[in-house]
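**Student:** The whole structure should be built from the sequences, with the hints applied where relevant.
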Amino acid sequence: MGDGPNPNGKHSKYSVEGGELIRKGNNCPQCGPGVFLGIHSDRMVCGKCGHTEKLS
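Quick note: the sequence shown uses the working numbering, first residue 126, plus one each step.
No wet-lab data here; the hints were simulated from the structure. There's no promise every hint is true.
[What the hints assert, rightly or not] Straight line, CA to CA, 25 angstroms or less: simulated DMTMM-like cross-link-like pairs of lysine to aspartate or glutamate: (1) Lys138 to Asp167; (2) Lys179 to Asp167; (3) Lys135 to Asp167; (4) Lys149 to Asp167; (5) Lys138 to Asp128; (6) Lys135 to Glu145; (7) Lys138 to Glu178; (8) Lys135 to Glu178; (9) Lys149 to Glu178.
**Tutor:** Here's what the structure looks like:
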């Protein structure tokens, strides 16, 4: 299908260190863990509930 893993795929949001799963990125404060905020040039947006945080 492709030429290897997608660099922006789900596997890039997690890492395993010392047998523990580490979540990278910011979680939505309204939806909770597991729902990440999408990063845009001037804001971070939750794709599930629409919560928006402006970047300074």
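**Student:** Against each hint, give a clear statement of whether it holds in the structure.
**Tutor:** Verification of the supplied hints:
1. Lys138 to Asp167: Cα-Cα ~20 angstroms, so holds.
2. Lys179 to Asp167: 6 angstroms, holds
3. Lys135 to Asp167: 23 angstroms, holds
4. Lys149 to Asp167: With a Cα-Cα distance of about 20 angstroms, the restraint between Lys149 and Asp167 holds, given a limit of 25 angstroms.
5. Lys138 to Asp128: Holds, because 20 angstroms separates the two Cα atoms, which is no more than 25 angstroms.
6. Lys135 to Glu145: Roughly 17 angstroms separates the two Cα atoms, so the pair holds.
7. Lys138 to Glu178: 19 angstroms, holds
8. Lys135 to Glu178: OK: Lys135 and Glu178 at ~22 angstroms, within 25 angstroms.
9. Lys149 to Glu178: 17 angstroms, holds
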